[in-house]
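Line by line, the protein sequences are chains Z and L.
Per the working numbering, the first sequence starts with residue 1, numbered consecutively.
Per the working numbering, the second sequence starts with residue 424, numbered consecutively.
These are calculated hints, taken from the structure and not from any lab test.
Just to be clear, a hint being listed does not mean it is correct.
Taking beta-carbon pairs under 7 Å as the criterion, some of the chain L residues facing chain Z (in silico) [stated by the list, open to error]: (1) Ile566; (2) Ser567; (3) Leu570; (4) Tyr572; (5) Cys596; (6) Thr603; (7) Leu628; (8) Phe629; (9) Ile673; (10) Ile864; (11) Thr865; (12) Leu873.
Here are the computed distance ranges between Cβ atoms for each label pair [stated by the list, open to error]: (13) L:Pro536 / Z:Arg78: 32 to 42 Å; (14) Z:Glu159 / L:Asp626: 42 to 52 Å; (15) L:Arg463 / Z:Met331: 22 to 32 Å; (16) L:Ile493 / Z:Trp53: 53 to 63 Å.
For each residue, glycine too, the CB sits at the ideal point set by N, CA and C.
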Amino acid sequence: MTRQNKSTMEMVQRGLARRHRREKIFRFLGMAAVTTSILFLLLLFGSIIANGWSAFRQAELSLEVSFDQELLDVDNLRDANYALLIKRSLREFFPQVEKRRDLRHLYKLVSSGAAFELQAMVMADPSLIGTRRLVTLPADDEVDMLLKGYIPRDVPESERRVSDQQIRWIDELVAASRLKLGWNTTFFTAGDSREPELSGIRGAVAGSLFTLLVTLLLSFPIGVAAAVYLEEFAPSNRWTDCIEVNINNLAAVPSIVFGLLGLAVFLNVLGMPRSAPLVGGLVLTLMTLPTIIIASRASLKSVPPSIREAALGIGASRMETISHHVLPLAMPGMLTGTIIGMAQALGETAPLLMIGMVAFIVDVPGGLTDPATVLPVQIYLWADSPERAFVERTSAAIMVLLTFLIMMNGTAVFLRKKFEQRW
Amino acid sequence: MSLNPLLVATLILVSSAFWLGKKKALAVAGQAGSPRLHSRPGYYGMIVALWCAIPSLLIFAAWQSCADTILTNLVMGSISAAGEALDPAQLRLRVSDLHNLVSGKVFSTDIDPLMQKAAQRYQAMERLSTMAMGVTILAAAIISGALVYTRIRPAMRARNQVEKIVELGLILCSTIAVVTTLGIVLSVLFEALRFFQQVPLTDFLFGTRWSPQIALRADQAGSSGSFGAIPVLAGTLMISAIAMSVAVPIGLMAAIYLSEYAGRRTRAMVKPLMEILAGVPTVVYGFFAALIVAPLLRKAGVSLGLSVSSESALAAGLVMGVMIIPFVSSLSDDVINAVPQSLREGSYGLGATKSETITSVILPAALPGIVGSILLAASRAIGETMIVVMAAGLSANLTANPLQAVTTVTVQIVTLLVGDQEFDSPKTLAAFALGLLLFVITLCLNVVALYVVRKYREEYE
Numbered sequence: 001m002t003r004q005n006k007s008t009m010e011m012v013q014r015g016l017a018r019r020h021r022r023e024k025i026f027r028f029l030g031m032a033a034v035t036t037s038i039l040f041l042l043l044l045f046g047s048i049i050a051n052g053w054s055a056f057r058q059a060e061l062s063l064e065v066s067f068d069q070e071l072l073d074v075d076n077l078r079d080a081n082y083a084l085l086i087k088r089s090l091r092e093f094f095p096q097v098e099k100r101r102d103l104r105h106l107y108k109l110v111s112s113g114a115a116f117e118l119q120a121m122v123m124a125d126p127s128l129i130g131t132r133r134l135v136t137l138p139a140d141d142e143v144d145m146l147l148k149g150y151i152p153r154d155v156p157e158s159e160r161r162v163s164d165q166q167i168r169w170i171d172e173l174v175a176a177s178r179l180k181l182g183w184n185t186t187f188f189t190a191g192d193s194r195e196p197e198l199s200g201i202r203g204a205v206a207g208s209l210f211t212l213l214v215t216l217l218l219s220f221p222i223g224v225a226a227a228v229y230l231e232e233f234a235p236s237n238r239w240t241d242c243i244e245v246n247i248n249n250l251a252a253v254p255s256i257v258f259g260l261l262g263l264a265v266f267l268n269v270l271g272m273p274r275s276a277p278l279v280g281g282l283v284l285t286l287m288t289l290p291t292i293i294i295a296s297r298a299s300l301k302s303v304p305p306s307i308r309e310a311a312l313g314i315g316a317s318r319m320e321t322i323s324h325h326v327l328p329l330a331m332p333g334m335l336t337g338t339i340i341g342m343a344q345a346l347g348e349t350a351p352l353l354m355i356g357m358v359a360f361i362v363d364v365p366g367g368l369t370d371p372a373t374v375l376p377v378q379i380y381l382w383a384d385s386p387e388r389a390f391v392e393r394t395s396a397a398i399m400v401l402l403t404f405l406i407m408m409n410g411t412a413v414f415l416r417k418k419f420e421q422r423w
Numbered sequence: 424m425s426l427n428p429l430l431v432a433t434l435i436l437v438s439s440a441f442w443l444g445k446k447k448a449l450a451v452a453g454q455a456g457s458p459r460l461h462s463r464p465g466y467y468g469m470i471v472a473l474w475c476a477i478p479s480l481l482i483f484a485a486w487q488s489c490a491d492t493i494l495t496n497l498v499m500g501s502i503s504a505a506g507e508a509l510d511p512a513q514l515r516l517r518v519s520d521l522h523n524l525v526s527g528k529v530f531s532t533d534i535d536p537l538m539q540k541a542a543q544r545y546q547a548m549e550r551l552s553t554m555a556m557g558v559t560i561l562a563a564a565i566i567s568g569a570l571v572y573t574r575i576r577p578a579m580r581a582r583n584q585v586e587k588i589v590e591l592g593l594i595l596c597s598t599i600a601v602v603t604t605l606g607i608v609l610s611v612l613f614e615a616l617r618f619f620q621q622v623p624l625t626d627f628l629f630g631t632r633w634s635p636q637i638a639l640r641a642d643q644a645g646s647s648g649s650f651g652a653i654p655v656l657a658g659t660l661m662i663s664a665i666a667m668s669v670a671v672p673i674g675l676m677a678a679i680y681l682s683e684y685a686g687r688r689t690r691a692m693v694k695p696l697m698e699i700l701a702g703v704p705t706v707v708y709g710f711f712a713a714l715i716v717a718p719l720l721r722k723a724g725v726s727l728g729l730s731v732s733s734e735s736a737l738a739a740g741l742v743m744g745v746m747i748i749p750f751v752s753s754l755s756d757d758v759i760n761a762v763p764q765s766l767r768e769g770s771y772g773l774g775a776t777k778s779e780t781i782t783s784v785i786l787p788a789a790l791p792g793i794v795g796s797i798l799l800a801a802s803r804a805i806g807e808t809m810i811v812v813m814a815a816g817l818s819a820n821l822t823a824n825p826l827q828a829v830t831t832v833t834v835q836i837v838t839l840l841v842g843d844q845e846f847d848s849p850k851t852l853a854a855f856a857l858g859l860l861l862f863v864i865t866l867c868l869n870v871v872a873l874y875v876v877r878k879y880r881e882e883y884e
C-alpha cells in the first residue's frame with residue numbers, strides 16, 4: 001500500500017515539471033491572444049491617424065490679385081473671367097516665364113476652384129473692384145502633396161506628377177512665404193468634389209445627421225414600445241415566441257439584406273425617392289430595432305418586481321405602474337441601448353449602397369428627401385478615388401467618424417455608470 | 424405643400440380635444456349629486472384626443488397610399504382616350520414621363536403638348552386632392568372627437584379604454600419585427616423567383632461559371648451570361664474560413680485568458696478595448712485592408728517569390744478575422760463565465776493545474792455555447808460586405824489559392840445593384856437570388872446557433 005502510494009507520488013512528481021511548463025505555455029498563449037488583438041487595434045488607429053492627420057492642413061497660395069475694372073463688369077459679375085485675374089497675378093510673380101507651355105504648367109499650381117472663390121468674394125463685396133490685395137487661394141492637390149512630402153523629390157521627373165520646373169516655382173513661392181500649409185477649413189465646410197483640395201465632409205455629415213434623426217425618431221419609440229409589450233404584457237404563447245425568435249434572428253441578419261428589403265419595398269413598391277435620408281433612416285431603423293428591443297428588455301427585466309407590486313398594491317393600473325414607475329427606472333438602460341444602436345447605424349454602409357446613397361452629390365442636403373450621402377459612404381467613395389490626396393482625406397474622414405462613434409459610446413458608458421443601480 | 428399647415432391644424436385640434444375632454448369631465452363630476460368619476464380627469468381628455476388623432480392618421484395613410492395611383496390612372500386614361508391604345512411597356516414609359524414632368528425634372532424644350540397638358544392636369548388634380556384630404560381629415564377628426572365628447576359621463580370607463588388603445592399600439596410595435604422578416608423573405612423571394620423563371624434553379628446552384636454580363640446583341644459571344652453560384656460561394660467560404668481561422672483561436676484564447684487568468688483591473692481595461700474593435704465601422708476595416716494589409720502582403724509575397732494578387736482573399740480574410748475577434752471573445756467569455764464555479768473547484772481539488780482544468784473541464788462544459796458563438800461569428804463573416812467590397816476582387820475565380828483574388832456573394836450583390844438598374848434583366852434579379860441564398864445560409868446558422876446557446880444556458884441555470 002505504502003509502496004503504491006509512493007510510486008503514485010513519484011509519478012506525479014515526475015510529471016509536475018512538464019505540467020507546469022504546459023501551464024505556462026497556455027497562459028502565455030492567452031496573453032499573446034489579448035496582446036495581438038490590442039496590437040491590431042493600435043495598428044488600425046495608428047495607420048489611420050498617421051495617414052490622416054495631414055489632411056487637416058492644406059497648401060494655400062497668397063496671391064496679389066488686382067481686381068481690374070475692365071474685366072469685372074458690375075452688372076454681370078457672375079460671368080466675369082476670374083481665372084484670368086489669377087493668371088495675371090501669377091505672371092506678375094513669375095515675369096520670366098513666357099512660353100505658352102510653361103505658363104500652362106504654372107497655372108496648374110492653383111486649384112481649379114480658386115476662380116470660384118474669387119467670384120464668391122467679389123459677388124459678396126463688389127467694392128473690391130478696382131482694388132489690389134493679397135488673397136489666399138487653395139493650391140492644387142499635387143502642390144499640397146509635394147509640400148506634405150508625399151511626392152518624393154528625388155525620383156526621376158517622369159515618375160512623379162510634378163515637374164522639376166514646377167518644383168522650382170513652388171520652392172520660390174515657399175521662400176517668399178506666399179505658399180504655406182494652413183488650417184484646412186474647406187474640409188469641414190464643403191461638400192464632395194472631384195478635386196481633392198475642394199472636397200469636404202459637410203454634405204456627408206449633414207446626410208448622416210438627417211438619416212440618424214429619422215432612425216432615432218422611429219426606432220426609439222417603436223423599440224421601447226415593443227420591449228414593454230414583450231416584457232410586461234405579452235402572454236407566453238406561440239405568437240410571442242415567434243416574435244422573440246424573429247427579433248433574435250433579425251439581430252444577426254447581414255445588414256446588406258436590409259438594403260435589399262429597402263430597395264425592393266421602399267423604392268420599388270412604395271416609390272420613395274432614391275438616395276434620400278428618409279429611406280436610409282427607414283432601413284437603418286429596421287436594422288437597429290432588434291438591438292434596441294433586446295437592450296430595453298434587459299433593462300426592464302432589471303427593475304425589481306417589488307416596485308411593480310408596490311405600485312399595483314396602492315391601486316395603480318398595470319399601464320400606470322409601467323409608465324410612472326418601471327419606465328423611468330429602466331430609462332437609462334434603454335437610452336444606453338439606443339445610443340449603441342445609433343452608433344451602429346452611424347457606421348453602417350452596406351444597406352445604404354443598395355438604396356442609392358452612393359451617388360456623387362456635391363450639394364449639402366437640406367431636407368429629408370434631398371439626395372444625400374452619409375459619412376461612411378463618403379469614406380467608401382473617397383477610398384475608391386485614385387488621387388493620392390484622397391487617401392489622406394479618407395483617413396481624416398475616418399478620424400471624424402471614429403470621433404463621433406467614440407463620443408456616442410462614451411456617453412453610453414457614462415450613462416450606464418452614472419445610473420447603474422444594484423437592487 | 425399644404426402638408427405642414429394640416430399637421431399643425433391637426434395637432435391644435437388634438438390638444439384642444441384633450442383640454443375640452445378634461446374640462447367636461449370635471450364639469451360633469453362637479454354637478455350636484457353626480458357620482459364620482461370612474462377615472463382621473465386626464466383620461467377623459469386623452470380618450471377624446473385619441474379619437475381625434477386616430478381617424479385622421481388612418482385617413483392620411485390611406486389617402487397617401489392610393490391617391491397617386493388613382494390620379495395617374497385618371498390622367499393617363501384621358502391621354503389614351505385621345506390617342507391609340509398603348510402596350511404596357513409604352514404605358515409605363517409614359518407614366519414615368521408624366522411623373523418627371525410633374526416634378527419638374529425635365530429640362531428639354533420639346534415636350535409633347537399632350538403630355539404637357541396631362542402634367543398640368545395632374546398638378547391641378549393633385550392640388551385638389553391635397554385640399555380634399557385636408558378637409559376630410561379635419562372633418563373626421565372633429566366628428567369622431569365630438570362623438571366621444573358627448574358621451575363623457577362619470578361612469579364612462581375612460582382609463583380602461585385609453586389603456587386598451589395604448590396596449591394595441593404596443594402590440595403593433597412588437598409585430599414590426601415579424602413584419603420585417605416577412606418583408607425580407609417576400610421581397611427577396613419574389614425577385615428571386617422572377618430570376619429563376621429566366622435562369623433554371625439548378626444552373627444557379629450547381630453552375631461553375633459566374634459572369635453576369637448581358638450582351639447588347641443577341642449574337643455576341645457569351646451573350647447569355649452565366650449565373651453559376653458555385654465560384655461565388657466558394658470565394659465567400661474561403662474568405663470566411665480565413666477569417667475564422669484568425670478569429671477563433673485568438674478570440675477563444677483571449678476569452679479564456681480574460682475570464683480565468685486576468686485580474687480584475689486587467690479585465691476592466693482590456694474588455695472595453697476589445698469592444699472598440701467591435702465598434703469600428705466595417706468601411707474603416709475595408710480601407711485598412713485595401714490600403715495597409717494588401718500592399719504589405721504583396722511585398723511579403725514578392726520577397727518570398729510568390730505572386731500575391733493585390734486583391735487577395737488573404738488580405739480580406741485576415742482583416743475580417745480581426746473584426747470578428749471581439750464577437751468570438753465576448754460571446755465565449757459569457758459562456759465560460761456561466762460554467763458553475765463548483766466544476767472548477769472539483770477539478771482543482773483533484774490536483775489539476777489551471778490549464779488542465781480549462782482544457783478538460785471548462786471547455787467541454789462550455790462547448791455547446793462556444794460552438795454557438797462560433798456559428799454566430801461565421802454568419803457575420805459570411806454576411807460581411809464592406810471589407811470584401813473594398814479589399815476582395817470582382818472576378819469569380821474558382822480557386823483554392825488564398826493569394827488569388829476571389830469574389831463573394833455580398834460583393835456581387837453590391838456590384839450588381841449599385842448604379843441604375845432595370846428590374847427585368849436577369850443581371851439585376853441575380854442579385855436578389857444571391858441575397859436569398861445569403862439570407863437562407865445565415866438564417867440556418869443563426870437558428871442553429873441561437874438554439875444551441877439557449878439550450879446550453881438552460882442547462883446551467
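Status of the hints after comparison with the structure:
1. For the restraint placing isoleucine 566 (chain L) at the interface with chain Z, the shortest Cβ-Cβ distance is roughly 28 Å, beyond the 7 Å limit, so the hint is violated.
2. Taking 7 Å as the C-beta cut-off, the interface hint given for serine 567 (chain L) is violated, the closest approach to chain Z being about 23 Å.
3. With its C-beta approaching chain Z no nearer than about 24 Å, leucine 570 (chain L) sits outside the 7 Å limit, and its interface hint is violated.
4. Here the hint on tyrosine 572 (chain L) is broken, as its CB sits about 23 Å from the closest CB of chain Z, past 7 Å.
5. With its C-beta approaching chain Z no nearer than about 4 Å, cysteine 596 (chain L) sits inside the 7 Å limit, and its interface hint holds.
6. Using the Cβ-Cβ criterion of 7 Å, the hint placing threonine 603 (chain L) at the interface with chain Z is satisfied: the shortest such distance is roughly 5 Å.
7. Below 7 Å, beta-carbon pairs count as interface contacts, and leucine 628 (chain L) has none with chain Z, the closest being about 19 Å; its hint is therefore violated.
8. Residue-level restraint check for phenylalanine 629 (chain L) is violated (minimum Cβ-Cβ distance to chain Z is 23 Å; threshold 7 Å).
9. With 7 Å as the threshold, the beta carbon of isoleucine 673 (chain L) comes within range of chain Z, its nearest partner Cβ sitting at about 5 Å, so the hint holds.
10. For isoleucine 864 (chain L), the shortest C-beta to C-beta distance to chain Z is roughly 9 Å, which exceeds 7 Å, and the interface hint is violated.
11. The criterion of a C-beta within 7 Å of any C-beta in chain Z is met by threonine 865 (chain L), whose closest approach is roughly 6 Å, and the hint holds.
12. At about 5 Å, the closest approach between the beta carbon of leucine 873 (chain L) and any beta carbon in chain Z falls short of 7 Å, and the interface hint on this residue holds.
13. A beta carbon spacing of about 34 Å between proline 536 (chain L) and arginine 78 (chain Z) agrees with the range 32 to 42 Å that was offered as a hint.
14. Taking the beta carbon of each, glutamate 159 (chain Z) and aspartate 626 (chain L) are about 49 Å apart, inside 42 to 52 Å as hinted.
15. A hinted range of 22 to 32 Å for the beta carbons of arginine 463 (chain L) and methionine 331 (chain Z) is consistent with their spacing of about 23 Å.
16. Hint check: isoleucine 493 (chain L) to tryptophan 53 (chain Z), Cβ distance near 58 Å, so the stated range 53 to 63 Å holds.
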